[in-house]
Structure formats: C-alpha cells, structure tokens
Amino acid sequence: MVDKTHPKLDERIEPGNWTDGLDMPMSLMDQIPEDPASLADLANRSVVSGKQFSREQAIQLCRLAAKFETTQTMGQFPLTGKILISAFYEPSTRTRLSFESVWHRLGGDVISITDPSTTGVAKGESLHDVAEMMSHYGDVVVLRDSNEEAIYEMLDVLRIPIINAGNGTDEHPTQALADIYAIAKWRPEFLMDNPPADKKIRICVIGVPGRMRTVRSLLSFLALFSPAIKEVVIICNADQPFSKGQKEELEEAGLKLRVTADLDAQLPDTDVVYINAIAWVGDSYEELGTEYRLNDSSPLKDGSIILHPLARGEELATDLDNTEHNWYFAQARGAVYVRMAIMTSLVRF
Amino acid sequence: MVDKTHPKLDERIEPGNWTDGLDMPMSLMDQIPEDPASLADLANRSVVSGKQFSREQAIQLCRLAAKFETTQTMGQFPLTGKILISAFYEPSTRTRLSFESVWHRLGGDVISITDPSTTGVAKGESLHDVAEMMSHYGDVVVLRDSNEEAIYEMLDVLRIPIINAGNGTDEHPTQALADIYAIAKWRPEFLMDNPPADKKIRICVIGVPGRMRTVRSLLSFLALFSPAIKEVVIICNADQPFSKGQKEELEEAGLKLRVTADLDAQLPDTDVVYINAIAWVGDSYEELGTEYRLNDSSPLKDGSIILHPLARGEELATDLDNTEHNWYFAQARGAVYVRMAIMTSLVRF
Amino acid sequence: MVDKTHPKLDERIEPGNWTDGLDMPMSLMDQIPEDPASLADLANRSVVSGKQFSREQAIQLCRLAAKFETTQTMGQFPLTGKILISAFYEPSTRTRLSFESVWHRLGGDVISITDPSTTGVAKGESLHDVAEMMSHYGDVVVLRDSNEEAIYEMLDVLRIPIINAGNGTDEHPTQALADIYAIAKWRPEFLMDNPPADKKIRICVIGVPGRMRTVRSLLSFLALFSPAIKEVVIICNADQPFSKGQKEELEEAGLKLRVTADLDAQLPDTDVVYINAIAWVGDSYEELGTEYRLNDSSPLKDGSIILHPLARGEELATDLDNTEHNWYFAQARGAVYVRMAIMTSLVRF
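Protein chains in written order, with my numbering: chain F, 42 to 390; chain W, 42 to 390; chain B, 42 to 390.
Worth flagging that the hints you see were computed from the coordinates, not collected in a lab. We put the beta carbon where it would ideally sit given N, CA and C, even for glycine. Misleading hints may appear alongside valid ones.
As the list claims (entries may be wrong) - Now the stretches of chain W that chain B is said to cover, found in silico as 3 or more residues with beta-carbon under 8 Å: (1) 131 to 143; (2) 237 to 249.
Claimed, not checked - If you want a taste of the chain F side facing chain B, the calculated C-beta under 10 Å gives, among others: (3) Gln93; (4) Ser95; (5) Arg96; (6) Asp156; (7) Asp170; (8) Glu173; (9) Met174; (10) Val198; (11) Gly209; (12) Leu296; (13) Leu298; (14) Val300; (15) Thr301; (16) Asp303; (17) Val377.
Said to hold, decoys possible - Calculated cross-link-like contacts (lysine-lysine; reagent style DSS-like; alpha-carbon spacing at most 25 Å): (18) F:Lys285 <-> B:Lys288; (19) B:Lys342 <-> B:Lys241; (20) B:Lys297 <-> W:Lys45; (21) W:Lys49 <-> B:Lys92; (22) F:Lys49 <-> W:Lys92; (23) F:Lys45 <-> W:Lys49; (24) W:Lys92 <-> F:Lys45; (25) B:Lys92 <-> W:Lys45; (26) B:Lys49 <-> F:Lys92; (27) W:Lys285 <-> F:Lys45.
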C-alpha cells in the first residue's frame, strides 16, 4: 500500500519559494556594462566549439543570461514562428529537454528526433542529405551525435545555424558556458579584466580533458578568464590526460595547469570543484575517475562551490545537496538562461 | 488492390455532425451554481490521488469541464508560454496524447519523454535529481510510472505541480474524474446533495479494486457522491478484491458496497456499468476478469449506460457502440474537458 | 582530433544565400489565374489518394504553394489553436518532420506518435477505437502505416480529416503533388490546357508502378496533365510492372505509357527523370531497380531535370548535386509549401 500522506500535497507551491539567489544575477547585471555589438556578431552563426567565442562574447552571454534569469514572466516571444530541429542521434533526456524548454519559453516550436534507429541515417542516408532536408524544415538545429565529425559534415551544406549539444568525446560548448555563468553568478569578479588578488580563484577539474567533452569545452572557456584564475588543477590518474596539443594551447592562452591524482590534498585550497564521471564513447559511456568522490566529509574549503553538469552518479553524494557547496543545482537552473541567451543571439530577422 | 471508394471521401466533415449531446453539458451547467472559491484552492497544487478532492471541488471541476465542452472555439489561450513536461516512463499513447492535446488547446507548449530507455533514470539517475531538473524546465509535470512510489519521490523536491497519470496499480485520478463527469452529464442529479429517490442509481464495477488503478481512483470519487448511489456492486471473482483497509474506508465514507461474481444477474437492475479488463503490473499488464463480457445480448436495463476507460479489448463488444448504452465514447470525449478544467485550475499566475 | 576549422564557422548565413530560384514560383503565380472556388471544395476533406484531385485542384494547389514559397515571413498564423496528430505507425523521419514543420509554420501545435510499439494498436486496440480517440484530440491526422487498408478503416469513424502520408505500397499523394509542383516550377506550361508543342515533355519514371507508392500516386497526378506530356516511359525490368487495371486506367485518362528496361537509351530524349529505389513492404523495404543509376556521366539531355522523393541511396550519385539537373533539392524544398497549401485548404473554420 502506498502511503498517501505527503507534506507537499497540503502545500501550495509559491514561486517565492524558489527564487532564492535572484540577487546574484541582479548583481552580475549591475557589474557588467551591456555591449550589444559583441553579440550582434553571433547572428546567424553556428555554435560548434568553445574556442569560437571571444572573451567579450562569453561575458555578454552571461550578462544576457542574468537578464533572462531575473525576468519572471516573458513579455514577448522573440522566436514566435521559428522552428527548432532537436536532433538527438545519441539519446539524451536532460539536454534535449533543456533546449526544447528554452526554445518554447522564447515562443518557438520544436520538431524532434529522439530515436535514431528510425531515421534515414540509420538506413544509410548521408549527413549531407539530412542537412539539406533540415535547412528546409527549421530555423536552428541542435545536434547530439556520438560521431564527433557529424556536426562538421552537416555544416558543409546546412543553410541554418547548428548548435553542438555534444559531439562524441569532443565538445559540449553550451554546457561549458553554463559552467562559466555559474561561476560568474557566485563571483562576478571572475569576469573582470583585473580582478582583485583576493578574488582570484583556484579551480579543480576532476576528469580527463582529452576524453570528456564537457571538460574540453570548459577548459576552452576558462582560458578566456585566465586573469581571474590562479590555477586549474586537473584531478585524474590517466597516463595521458590531454589530447594532442590541448595542454600547450591552453597554456599559451594564459591558463596555469597542473595535474595530480590526489583530490583531497587539493580541496582545502580550492574555490571551485568541477566533477563529472561520465565520458561518452560511441553509443555507450565509460565512467572515468570513479575513485574520486565528493561528500559531506570531503575537506572542502569554506565558501567553495561544487559544479557538476549532471546527471550524477555516485561520485557526488546527495548529502552535499543542502550545503553551501551545492552550486550544481544553480548551475542547472542557469543552463536554461544561458541557452536562452545563445538562442536569441543566434536567431535574428 | 485497395478499394479506393469510401463514402467519407465524398463527404465534407461538418462540426455539426458530431456535437450531439451538447444539451447535456449545457444542462449540467444550468443545474450547478458556479463556485470559483473551491477551485481557487487547487491553484499550484499537485494531483496525486482521488482522495485529495473535496466533493465541492469534484462538482466544480465537472461544471468547468461542461463549460469547456460547450465552448466551440477558445477565444483565449490561458496557458500561453507555459510548458508541460509529459513524462511517460510507462508507455502510453491514449493518455499521453490526451494530456498533450489538452495543454495545446489551452495555448501551452509540451516537452515529452516517451521512451524511458533513453532517460537518465534508466542509467541510474535518481528521481530526486530528475524532479530537480524538471522544476527548471516546465510549469507542470504529468507522470506515468509503473512504480507507484515514483510520484511521491518526485514530490519531495519538485517545485512545480505534478499530475498522476497512472502510478502502477495505485491510482489514476484524472481518469476517475472523467468517469464522474460522464455520469453527471447523463444524470446531473448525481451531483446533488439530496437527489430524488427515483434518481438514485446502482453502479456495477467490473474489476478488482485492490489491483486496478482506474477502479481504485473511481471508488474514491464515488464515495463523495454516496447520497446519489443506492449501491456499488463489485463484479469479480478474486479472493481478495480489496487492498488492506480499502473497503472499510469507502464504507466509512458512506458507500454501500457489495461483491459478487455473477454479472448478468446484476445487469437488469444496474444503471451504470463500469468495465475495464486491464491491470498494469510493472512493465506489463495482466488481464483481469476476462470471463466478464458485455455485448448487445447482455441483459442491460433500459436507459442504463456503460463506461470504459479504454483502450478496450474483447470484454466490450463493438455491437454495443451504436446502442443507447454506449456512454464510453462520450466519456472519452469528456476526459479532454475534465483535464482542461484540472489544468486551468492548477496553473495560476 | 577533430579539425575545428570549417569555413562555415566564419560565415554568417544570410537568407539571400539560398533564395535562388524565387523567380520560378513568382513566374508560376503570374501565369496561373487564382481560382479559390476549386480549393474551397477541399475544405474538411481527407486526402487519401492521388485520384481524388481534379486537374483544377492540383493546379490551384501548386499556385498556392508558390504563394507560400514566395512569402518570406508569415504575417499571420492560420492554424493557431489547431492540433495535428502526427501518427507514424511505420517509422519515418523525413516525412514526419516535413508535416510537423509545415503545421508549426502555419501556427498550429502537434502531438506525435513515433514509436508504434508503445501504442494501443500494438496491444490489440482496433483502428476504429484509435480513430474515435483521435477525433477528440486533434483537428487533422497525418497517417503513415505499412498496412494499406489502415487509413480506410480509420475513415469509417474519424470525424476529422486524415491525410495519407504513405499506406504500404499503395499511395503517397502529398509527395506526388510535390513532384508535380517541382515540374511546374521548372516549366509552368506543364499546367496549361494547350501547351506549345515544343514545351511538351517526355518523362522517365524509374520504378515499379504496381509496387511503389510514390510512383503510383505520381502517375495518377501525371494523368491529369496529359496535354503537356509526350510520353511517360517506365524504366524497370519487372515482369509485371503494373497492378491490375492500373495501366488501363492511366491510358484511359490520356497518358501515353511505355515500358523499357534500358535507361541510358532513353535519357538523351528525356526532359524529366524520376528515380526512387526503395519500395516499402510491411515493416521493411525492398530495393527495386538498383541496377539503374544516375550520375554525372549519364547521357542526360541538356536542360533536363532529375526528381527523387529522397532519402536517396546509391541510385543517385552526389556528383549530380551541383549540376543543372539537380531538381530534387528544389523538389524537397517545394514539398514544404505544397503541404502548407494542402493543410490550409483542408482546415477551415
């Protein structure tokens, strides 16, 4: 028998219950001057890699995201009559629903591919022909594909913008921008050219930069904000954490990188801990770094925050959910607004 | 070769062909005074169990459903900009399309989960994390899950209302309210505090109350309308038709219950026959009571009606479709308007 | 490592890049006088077979399609508040997305069935009951089903229009109308009662008319335009290319038909080549005529065009994509506008 008493059933859900933290995006907006010109340059472009973005674009996208986050009710629907093609050739619920929700909140409509086995591609249709078709049917494509080259093949012929929602082990740029936005909400000085020395941060990234798309894209964005970063510490025990040239490129962009296998030794001096245990490989995934776990007993620095792109497994204990370190839920919430900022910048008339 | 002559191909479909019976919802509206206060109390609440509703709420939801049923064309779209998360972890087409259609008719947008095998839950994500995610992506969740506890787990953390569209063998409250609405359209006195003695009805329910969610929820609602019910006769040959405490609770609420295995002996004195042969169990279903069948030769009372939540199997013969007893199509039609009534009561601004 | 340089990433996509050929639909509109009366007769009708359409209706649908194709931005959304039930019991991405895109562009909402295995039909529900349900949930049904009789069964009880998006090996009328529109854009004289002798065309159809639904529907439409057609040459090596009575019926309607197995011998004198290698049979498909291939070395007549309903396999080489013969991409683009013309003609208020 089901116990049908649940406190939530006698409770009215008031929006006020969950808008804690609106002061943070508010403060972000106050501290960053608006600069529409840098976003105008994104109009009708595709979003494939974290490397495409300039520092100013990333900052202005965070500012625009904050603007959306502090807008309770949309007074207009800028994407009315526009169609998103939500093409998830690698199954996903979280990311797919995120993009579809964002598009709808902006007033647009969505057509979806959720089951790759029923598509023409499964029957041998070329990606060029698929891209040709999509150019007729929609205004933007969001693509997730376990083949990292697929998005580049589609770019050859697409006549509408495409957004990379994860291409194999390569990149996932909109997720990474959501990570940046989460850090910026917590500490707006992160976006400054000359942040005060006591506001510079140490970031631990648990994961393998050469094999995890979320980590690869995140590092590209972090490189834009080197002035605010003391050091990025990669926590992993892989022999070759980086792909060819990756480390050199990041260091050239100004990022201080260090690799270590010992997580707990770093935590007391770390301001931002980024953790993620799943790396997609082909149609399946491998878990990397399952020996690294965070829980309420981890020696976390006071005031430090944890980020996780979710969904989480056992690497991140739920006993952290109600602590000050839980910034991953704010990060997930922010991802919606970051994608609203990207979408409205891309689609112009 | 296909025979391509079909009378429908030479026929224009006129709305007038299928609005028979609008006088019934009209009459329902005339007989029930409007009481917006009782529905205001549903704002921003979840709908999990038939037991949550007061008699007055059930009556007013029927009245509001009648109002929608008699409105040919919506002049406004109250859910514009609102997003429904249609989460069917147990596959369903009829119920899913019903909710999605309703939400669209009210002006809202929908994001859907139709294939549970591609979700994070299948990969081990907790329902708490799923609910956290959904709170960011939508305004209402409709959930069907073969695990009856799932909806209660999601309630723990959800910050938007959730509607139970079937949780295992437990409940399916919106279907049950559609059953009540079907009875009320046929006989508005059913909703009265003191119906005339000759308008009181005997109801036969073919099914197992302890193992069928539609039956369980229906009985909860029927208990609210005991003044209009002579008796509810449960037709089944199960040893233990009720779950623990179920019978006692219903009788305490005023319902007269009797169990018998002989359907045909009851029919000549029965006003409403409710039949349903499928009980969902886990990922599959079992057929209960397949020995009970209704057809045009069944000794049905003149003027009596048959209800069935559909889809039907062999328990309900199609030779009844064109008889006065066919109230199951009107019931299916009414389910749309009942869900419109529920949705607009839940979502306030 | 992914090579992240791609010329498209530095390029803004301007609508002007891909509106080549707008002069053709413009010219089509100029040459055909508008005749709303013939389309008014389509209101609230179902579209099941190519044989349903009169010559004047086909012409006016092409004209209306041209009107949509030359309208850059819709100023109004005629299907606001209307719901399309997109029911693909035989999996399809291209056709499904096409219809869903069209419906959205016209302002309507869509509810979809993409996975037949989860439906009531899979559990034994009758098509009559499904049609009864759909009449409550939507305003138009688009059906693809590998059972060619399914759409006729649904017609028995549906109270909303249904559109055949492919029924087994039988018909696919909206695709065929898109083929006609593609020819008419290329040569508007095709639609004339008395085209000049030098504008009459020879058409090669590579395929088996008796077993391919796209071919069957196309031939029905071509029969309406016999005055502009010198000859239709069927290229196939099947013993019985036609189904019973098919050839006789087409010839009676005025079409000159010839069958030959030698493609290359025909090409130098052919104005329109229609090629399609896939025939759906049950849940799977067979490839027909894989020995017939078109590529840049085929002896194609100067100025002749190739049509293909897509998705393509090896029968149509990509080295033709950048030649004057590639009319299949224009055809695919036009299919969107043809379906907009059909939808707006069907749904009236």
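Here's how the hints hold up against the structure:
no.: 1; hint: 131 to 143; in the structure: holds (count 8)
no.: 2; hint: 237 to 249; in the structure: violated (count 0)
no.: 3; hint: Gln93; in the structure: 6 Å, holds
no.: 4; hint: Ser95; in the structure: 13 Å, violated
no.: 5; hint: Arg96; in the structure: 18 Å, violated
no.: 6; hint: Asp156; in the structure: 6 Å, holds
no.: 7; hint: Asp170; in the structure: 6 Å, holds
no.: 8; hint: Glu173; in the structure: 6 Å, holds
no.: 9; hint: Met174; in the structure: 6 Å, holds
no.: 10; hint: Val198; in the structure: 9 Å, holds
no.: 11; hint: Gly209; in the structure: 8 Å, holds
no.: 12; hint: Leu296; in the structure: 18 Å, violated
no.: 13; hint: Leu298; in the structure: 18 Å, violated
no.: 14; hint: Val300; in the structure: 19 Å, violated
no.: 15; hint: Thr301; in the structure: 25 Å, violated
no.: 16; hint: Asp303; in the structure: 29 Å, violated
no.: 17; hint: Val377; in the structure: 22 Å, violated
no.: 18; hint: F:Lys285 <-> B:Lys288; in the structure: 65 Å, violated
no.: 19; hint: B:Lys342 <-> B:Lys241; in the structure: 15 Å, holds
no.: 20; hint: B:Lys297 <-> W:Lys45; in the structure: 23 Å, holds
no.: 21; hint: W:Lys49 <-> B:Lys92; in the structure: 15 Å, holds
no.: 22; hint: F:Lys49 <-> W:Lys92; in the structure: 15 Å, holds
no.: 23; hint: F:Lys45 <-> W:Lys49; in the structure: 49 Å, violated
no.: 24; hint: W:Lys92 <-> F:Lys45; in the structure: 9 Å, holds
no.: 25; hint: B:Lys92 <-> W:Lys45; in the structure: 9 Å, holds
no.: 26; hint: B:Lys49 <-> F:Lys92; in the structure: 15 Å, holds
no.: 27; hint: W:Lys285 <-> F:Lys45; in the structure: 14 Å, holds
Violated hints, in rising order: 2, 4, 5, 12, 13, 14, 15, 16, 17, 18 and 23; the structure is consistent with all others.
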